[in-house]
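Q: Residue-level listing of the chains:
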Amino acid sequence: MAYAYLFKYIIIGDTGVGKSCLLLQFTDKRFQPVHDLTIGVEFGARMITIDGKQIKLQIWDTAGQESFRSITRSYYRGAAGALLVYDITRRDTFNHLTTWLEDARQHSNSNMVIMLIGNKSDLESRREVKKEEGEAFAREHGLIFMETSAKTASNVEEAFINTAKEIYEKIQEGVFDINNEANGIKIGPQHPTTNSTLPGSQGGQQAGGGCC
Amino acid sequence: MSDSESTAADGSEAATPSPAAPDVAPDVAPTRKARRRPDAAAPAEAEGAPTAEPPAQTSSESTVSQGGWGYWGSWGKSILSTATATVATVGQGLTQVIEKAETSLGIPSPTELSAQVEEEEQQGDDSSKTDTLAADGSSTVGSAMGMLSSLSSVVQSTGKTVLSGGLDALEFIGKKTMDVIAEGDPGFKKTKGLMNRNATLSQVLREAKEREELQSAEKESSDCEKRVVAHYGMLFDEFQGLSHLEALEILSRESESKVKSVLMTLSGNELVELRDELDQIKDSFSLVEFDDEDVDESKDEDGTEFEKEVTEALEQLSVSFTADKLSTACKTACSQINDMSQTDKKEDEGEEEARKPVSVEEVHAAAIRSLAELTARSIELFHKLSELILFSSSSADPSVLSQLVVVLCKEVSLLSKKFTTCLAAAGLNEKGDILNPLITGVFLEASNSASYIQDAFQLLMPILEISHIQKRAESTQHKLILFDSMGEGKFNC
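Protein chains in written order, with the working numbering: chain A, 1 to 212; chain B, 1 to 493.
Treat the hints loosely; a few may be bogus.
[Said to hold, decoys possible] Straight-line alpha carbon distances no greater than 20 Å define the calculated SDA-like cross-link-like pairs of lysine to any residue that follow:
| id | chain 1 | residue 1 | chain 2 | residue 2 |
| --- | --- | --- | --- | --- |
| 1 | B | K325 | A | L37 |
| 2 | B | K258 | A | K170 |
| 3 | A | K56 | A | N180 |
| 4 | A | K56 | B | K258 |
| 5 | A | K29 | A | K170 |
| 6 | A | K170 | A | R105 |
| 7 | B | K258 | A | S74 |
| 8 | B | K471 | A | S70 |
| 9 | B | K325 | A | F43 |
| 10 | B | K325 | A | V34 |
| 11 | B | K258 | A | R73 |
| 12 | B | K325 | A | D28 |
| 13 | A | K56 | B | E207 |
| 14 | B | K258 | A | H107 |
| 15 | B | K471 | A | R69 |
| 16 | A | K186 | B | K471 |
| 17 | A | K186 | B | T200 |
| 18 | A | K29 | B | F239 |
| 19 | A | K56 | A | L24 |
| 20 | B | K258 | A | R69 |
| 21 | A | K53 | A | E157 |
| 22 | B | K258 | A | R77 |
| 23 | B | K325 | A | K186 |
| 24 | A | K186 | B | R211 |
| 25 | A | K29 | B | E238 |
No lab work stands behind these hints, which were simulated from the structure alone.
Use the sequences and the hints to build the structure in full.
A: Right under this line is the structure:
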């Protein structure tokens, strides 16, 4: 239950590219073909292990609709990682990446690790954006890149975990100041001297409760 | 009150005649609980600073937050009356409190003291003391008095004043007792810190949760006790309550600074006018009050009443939104309560085919879980409403929102009453020192829940203010662009 670190992630990208589905696949390991439009932001959390350490990912899944942009931008701050998602079957979602990237860079800390995700890789027949294009965009802008399918779960784990690995490495390198929560990283609860006990387990007298 | 309590106490007294300690002194525990909030709030008030935490930082807001605290008066009352309702078992809680307090104060054990008193009474010396009480309850109450007077000379010697004397005695014990009690409630100490420190609500809750996580981790490693333990903070986080709260805080802070910058650009009449309008919004935030005397335990068996009230409130808001998660949470809680009470009834009838009886720990865990879920969903609702209000720049009527808060707090109170009734029924055969901390725990978390809901509600104020400013700007054709885009939509959650 206890974790060494907590990383805050944001998921951004055009509406309908599958942000909420990626999250659902990652946290619940299931796929829901029809998803309600996200209002503002929704949340998910999962524990992963990196380098033998428990890391809790707290994921902020933002609404993709243009009209929510002014609100969702407020949530970028304090994220350690971002998944920037486009839909490989819709060229326009790829074309908007620059705007998303500018937005993300402007409203979050400069060390934020960004993973570019080309989602819906299961729909090969309807592909409009070549994998090479995604790779090229990522290289150009210093992003990590992956194609995923929230439907088949292909690469979904990897996308979230590789982002965490990158953040973890940055922590080891001292790039991230882990004591500054604005970086989207929190150190897990420490094990100092806490001696409060649970209800009823410590009374004035030993309560003869049949334990052990 | 004293009648019923004496009788109740007598029942347990009869079962265990001489070691009076575990059964004595039925009167004060509920009061103690009832006073917890005011106690906790008092130091903060004494420090002069705004009573509440960061959401209310400006001076104008401090009145608002005081409005929030004023609410605790009635909350206290409600706990008191609830406690009275479940007198048979709740009453015994005092023993727990006093035992703990004594242990830490180094005062002779209640058993000794009460034994003394009993002796005296048997000699008939003190018969006047207990005149006002039902005769058969006298020895019990007497022993309580003996104990209390050792704590404080304030204690008077007639039955009536035992109550207030007991209170004063507890006042004397003061903080010490609070700390002792807090040991029974892992998250409480941190929560209490809420009133004293300059931290945001979500920080406070997060810390409480982290402490609990640590503790349960420790428990796992040294698992001597295999109890069903419910941690409010962890559950609250599990239901994403913390995240929604954090996001709501972000929106609230940003709106607040936007309001400020708008006010900076105005002057003269325009400024005065806007200030007045904003003050009206502020006023509705300070007027949240509800009388829990009205909370009728028999009402709303399955949560449909609650759903209706929430839906009505939401319909009056111009945003289109349904609170399905909230209703579901409430209905689940209600059906759990019904299930658990049915099991008890079957047990009473001695039917062998009855399901396995629920343990007090199970009822407690269900209660804490339900409270955590309902609170998390309430905060989620506030967060979603904020987003929709900002999104559609609709002007939500603050009085409707405060009505919503009343409905939510009522439900918290109602659920805690039902759950403690269940607990009392399930714990008929339990010792007081097992049952009482659990009952106290439910009341504490219920009171915390209502406090979180209230505090989260205060975060909506700047959001309504900026939304009002936007709307105003639109209508006067001032192209005041605060958010670059607006739209309309209908949503479900």
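Q: Compare the structure with each hint and give your call.
A: Status of each hint after checking the structure:
1. B:K325 to A:L37: holds (16 Å)
2. B:K258 to A:K170: violated (35 Å)
3. A:K56 to A:N180: holds (17 Å)
4. A:K56 to B:K258: violated (33 Å)
5. A:K29 to A:K170: violated (28 Å)
6. A:K170 to A:R105: holds (17 Å)
7. B:K258 to A:S74: holds (13 Å)
8. B:K471 to A:S70: holds (17 Å)
9. B:K325 to A:F43: holds (14 Å)
10. B:K325 to A:V34: Given that 20 Å is the threshold and the Cα spacing comes to 18 Å, the pair holds.
11. B:K258 to A:R73: Holds, at roughly 15 Å.
12. B:K325 to A:D28: holds (18 Å)
13. A:K56 to B:E207: Measuring from Cα to Cα gives roughly 16 Å; hence the hint holds.
14. B:K258 to A:H107: Distance of about 17 Å is within 20 Å: holds.
15. B:K471 to A:R69: holds (19 Å)
16. A:K186 to B:K471: violated (39 Å)
17. A:K186 to B:T200: Answer holds: K186 of chain A to T200 of chain B is near 16 Å, not above 20 Å.
18. A:K29 to B:F239: holds (18 Å)
19. A:K56 to A:L24: Judged against 20 Å, a Cα distance of about 16 Å means the pair holds.
20. B:K258 to A:R69: holds (17 Å)
21. A:K53 to A:E157: holds (17 Å)
22. B:K258 to A:R77: It holds: about 17 Å lies between the C-alpha atoms, which stays within 20 Å.
23. B:K325 to A:K186: Violated - the C-alpha atoms of K186 of chain A and K325 of chain B are around 29 Å apart, more than 20 Å.
24. A:K186 to B:R211: holds (15 Å)
25. A:K29 to B:E238: holds (17 Å)
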